[in-house]
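Enquirer: In case you want the letters, here they are:
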Amino acid sequence: MKLPISWLKDFIDLDGLTVEDIARKLTLAGLEVDEILYAGLEMPVYKDGEKHEFKTNGLAWDKEKIVVAEIREVKAHPNADKLTLLDLFDGKQEQMVLTGAPNIFHLKGTGRLEKPIKVAYAKEGSTLYDGHAEGLQLMTLKRAKIRGVDSYSMVCSEKELGITDESDGIILLDDDAPVGMPLADYIGDAVLDISILPNMARNANVIGIARELAALTGRTLKQPQIELKTSGESVESSVAIEISNPELNPRFVLGLIRNVEIKPSPYQIQRRLKLAGVRAINNIVDATNYAMIELGEPLHAFDYDILKQRAGKKKIKIITRAAKDGEKLTTLDGVERKLTSMNVLVCDEKGSLSLAGVMGGSESEVYDASKEVLDAKGIEPKDGEMTQGKITSRGRSTVNVLLEGAAWNFINIRRTAKQHNLPSEASFRFSRGVHPALAETGVMRGLQYMAAWANGVVAPGLVDAYPLKPKDSVVEVTPKDVKRLLGIDLTAEEVSALLQKLEFKTEITKSGLRVTAPAHRMDIDEGMVGLADVLEEVARSYGFDNIPTTAIADALPPQVGNPVHEWEEHLRNLLVAAGLQEVVTYRMTSPERESRVTKHDEYVRIANPIAPERSVLRRSLLSSVLEVAEKNARAESVAMFEVGPIFEPVKNDLPNEPRRLAIVMTGARIVSAWDVKDSPRFDFFDLKGRIELLLAGLRFTDIVYAETVSQPHLHPGKSAEVKVNGQVVGVFGELHPLAKEKYEFGEAPVIVAEFNLEKLRGANPSYGITPVSEFPPIYEDIALILDESVAASTVEALIRQTGGKTVTDVRLFDVYRDEKIGAGKKSLAYSLTYQAEKTLTDAEAAAIRNKIVKRLENALGAKLRS
Amino acid sequence: MLDKLNEIEKTALESLSSIRDQAALDAWRVANVGRSSPLMQVFAEFGKLSKEEKPVIGVAANRVKVALESALEEKTQAVKNAALAKSLEEEKLDVTLPGREIKVGRLHPSTQQLRHVLAILAEMGFQVYTSREVETDEYNFQLLNFPPHHPARDMQDTIYVEAGERGDNPIMLRTQTSPGQIRAMREYSARNPNNPPPIRIASPGMCFRHEQITARSEIQFNQVEGLAVGKNITFADLKGTIADFVRRMFGEGARLRFRASYFPFTEPSAEVDVECFVCGGKGCQVCKNSGWLEILGCGMVHPNVLQNGGYDPKVYSGFAWGMGPERQLMLRNKINDIRYFWGNDTRFLEQF
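From first to last, the protein sequence lines stand for chains A and B. Just so you know, we're using the numbering used here here: the first sequence kicks off at 3 and counts up by one. Just so you know, we're using the numbering used here here: the second sequence kicks off at 829 and counts up by one.
No wet-lab data here; the hints were simulated from the structure. Predicted model, so just to flag it, every value in this text is computed and none were measured. Warning: the hint list may mix true and false statements.
[To be verified] No farther apart than 30 Å at their CA atoms in a straight line, the calculated lysine-lysine pairs in the DSS-like style are these:
{"no.": "1", "chain 1": "B", "residue 1": "Lys903", "chain 2": "B", "residue 2": "Lys838"}
{"no.": "2", "chain 1": "A", "residue 1": "Lys53", "chain 2": "B", "residue 2": "Lys1110"}
{"no.": "3", "chain 1": "B", "residue 1": "Lys920", "chain 2": "A", "residue 2": "Lys679"}
{"no.": "4", "chain 1": "B", "residue 1": "Lys1116", "chain 2": "A", "residue 2": "Lys4"}
{"no.": "5", "chain 1": "B", "residue 1": "Lys1142", "chain 2": "A", "residue 2": "Lys503"}
[As the list claims (entries may be wrong)] Which chain A residues face chain B? A few, computed with CB under 7 Å, are given here:
{"no.": "6", "residue": "Leu558"}
{"no.": "7", "residue": "Leu576"}
{"no.": "8", "residue": "Val578"}
{"no.": "9", "residue": "Asn610"}
{"no.": "10", "residue": "Ala675"}
[To be verified] One side only, chain B facing chain A, incomplete, derived with CB under 7 Å:
{"no.": "11", "residue": "Gly1081"}
{"no.": "12", "residue": "Arg1083"}
{"no.": "13", "residue": "Pro1131"}
Built from N, CA and C at the ideal position, the CB exists for glycine as well.
Use the sequences and the hints to build the structure in full.
Expert: If you want it as structure tokens, here you go:
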């Protein structure tokens, strides 16, 4: 919400507070000021990089140089048809000012003006925004000759003064503007841009902010004075109201004003509306908007005579009801809208008039015949501009206005505004809840302004249908509650004083306090919730900063830890120690993207995807990591992993979110340096080594690596499954050439692994160590010639089994093939370590070695290579 | 004979003085003190000398031998020193050449920050509680006091999942870690429904919003949520706990302030600003010259939420707070593009 400070001052004395003070107090109390925009008032100047609490923009007006002045005559320019020369009095002396303003051009050559025109006058040396430049460019007025005439000063447009971006005409001030007064003193302002959180909807208006500020500063809120002079026939004799569903429409109030003269509002009013972000239209529409911004009650003005015409000889009857599905209404933006039963309509007996709480209908809107040309969007043309578009010609302007103030169910308004994409000042407020009590005040305030600005005569009374009056919330609060929930010691009287500042009614009882919420508040409930609502107000009123900081006195719960989380963190540590970079990828992908390495028919599908390539939740973590590896493929060496969930759909229920580990490696094994070139590339065994490290770190000992052909995305001869304690926990290997082709990787093989972490975590670790012997070991190498088909793991297992516990280590150190060994054969060379809890002799080692060789000969047909 | 010995000594020492390397030195040793050297000839022919000559020549020959040997030793050391000096000179490196890069593994910066936050919270008694990422409307919103169509839902654009007609309870990606509050409270209160145990948990995890992916907005981000529930837990305790956390996270001197705010599941609610840790509150680009950084949201658990979790709000109270590790990293490291995090460019990741 944009709030001009000048408007705030109508309701609270702000003497002694700077704009920043006000912004700070509001911000700390939950009304966050996002920006302060200066439009005339003296503005703090910050050097580059200097601290300033609030984002600050805008323009201050020099009090010496920018003043109220009056135009006494508009003369022709001797050398330029489109320019005029103004005889102007600035309060001290006469000036000759050059202007091209179109909105006084018609006065050219009409002689001395009977009624001088009041304007904003900037003298030589003034700093203003350039009215003709794109955006906001500061400039300083300098003396120049324009078409032979000396020019040193100017009459200003709103853009030049930083009020709006309107630069086509000059500002025409109100007739009572005091000539010679510094403009900043007359209409200088600053606008606070305030974020209104959902629980602060009641404060989306000037009086709401003023009330908060009064409570925060201990000042008095000046209540609006609403007094209406009425005459003529009462409203009641002309109009009746029928509410078909009070749940949708708890209250509907109508007032009537006769004989209004439609014209622009006073400039002061237009300016405030514009600074608040609302367009100035004409005095009647402006009155509805002005009262809404001021009090928070959106109003709607009908052309009374149109309704009367529609009613024929009968009395006008306003009916509110839910729309029928498929019913249509043309709203005042000229759009024909198809309605649903969620929408609420204001109708008469002939049909629908407006979309309740959101937008009026075009037929019955207030009409200004002086602006009969509208463009296609219903936007009035700028002065002197002809626009292609519809020409409405209802004949004469609206004379009699029926003014609506109502209360609506916020959910219906919210859904309607969303459905028709009609965010407006009215729907913003109604969709967050406006208290029905405001309907009456709002209508009276609107009528008051219409009477003042349009010379109308207010009809006596109101028609007020109020079938569903909300109960005032009553909450019992005790000092004990305040202590229990806020942690502060306050007496019932102190609590009462804090709440009264926010207009709560309070009554001291035996146990504490009975609190009644004020009529403008819909956010205060009863019971426990009501207690929390009221205590929040006590805390805000007391000031969060004044509440002490304490340590929790309540018992500390038993500390249980989180074994699953801790296990995963341990896993991450092991992977990092193995030289792998962790990545974290998007959960959302598409089946097409995953199809490069995996194929699934069932996915958790996104109903409102951000983009087609993020249409599902991933089923493959490997696919995500491969994409990242591909993106990083220009790096010399890529070795990365991710630990995270995949998503398995469950029909009409929440999906399963099992955890996975994926690893991808490709590129150089050793990073190149100025003297290290042509590093070997990562291959199957680089990854296997890391997996061995990982599984050892998780304290698994029963680990089996077996060939697998079950993985279509892996090279059939370079892939393995990993079994821990007999159960498959993961697979790894080189990416299949056909799968690799689908990525933009380099020539190096891409080695990948994927582990099921539920299974891995479920496997029992085996703790314990192998004692470190004090006795000297004996090392011996044996080379064996074997058939190609014999797996190295089989050989090693047999060696270990036959050697028994004396063989403490078996390490394969060479694999060799050549013609001398023979086709279909290979040589495996092992380094054996013999060790016992005594000093072994060579003979004892040889005996074991012979046993091993014999066993290998018999079982595998191995031959000792000499 | 004495003359001959003097001559031998003189010649030998002269030839030794010009020697610069080990090979020449070896040759010299053979030629001058070797078995067939002139000096050794003198010793060999010692027997042939007369009785008178023997002591005189013996002493003289020995003196020459000692002189030559000690000269040789001295020279040997000199040659060795010279050779070492030469080789040291030759082995000289350009120490300004770059060191060899070590390819190490690293944790993703988000994980690093999560660990930092969780380690502090663990010391404060808040234990990790993890919860699912795909949620129902009920857990993500309704039980947290966001009724259907509540305006507060506008604050969180939601990504929904196709799951058939489920009325007011569609399935979605959680927009916040707060559904974990309900799941934890229900889990704890089920253990002893008549007297539920106190709770102190920290709930980390990925959250999702329906946003465009830009430098300033992401569709997924981590949150860490803290929750304390018990008897007599107060707003003052919330302030004290947050102050403890902020001190450990941002340093002892870090000033903070509580601004009233709104979250449907807490009341009263507050946003917490910390004095900018980049400029110390003097004003800089990171804090947009305001001197303050918004780092977390918090509040007293709403009575409806306590009730929904199985805790009687007449007896129990609690507080909760939430914060974003990526935001903390961005502020601390002046990262101006949030897309770096899930972009996973190793040139970014390797800086942490």
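Enquirer: The structure should be examined with respect to each hint, and the outcome stated for every one.
Expert: We went through each hint and held it up to the structure:
no.	hint	result
1	Lys903/B <-> Lys838/B	holds (16 Å)
2	Lys53/A <-> Lys1110/B	holds (6 Å)
3	Lys920/B <-> Lys679/A	holds (22 Å)
4	Lys1116/B <-> Lys4/A	holds (21 Å)
5	Lys1142/B <-> Lys503/A	holds (27 Å)
6	Leu558	holds (5 Å)
7	Leu576	violated (9 Å)
8	Val578	holds (4 Å)
9	Asn610	holds (6 Å)
10	Ala675	holds (5 Å)
11	Gly1081	violated (16 Å)
12	Arg1083	violated (11 Å)
13	Pro1131	holds (4 Å)
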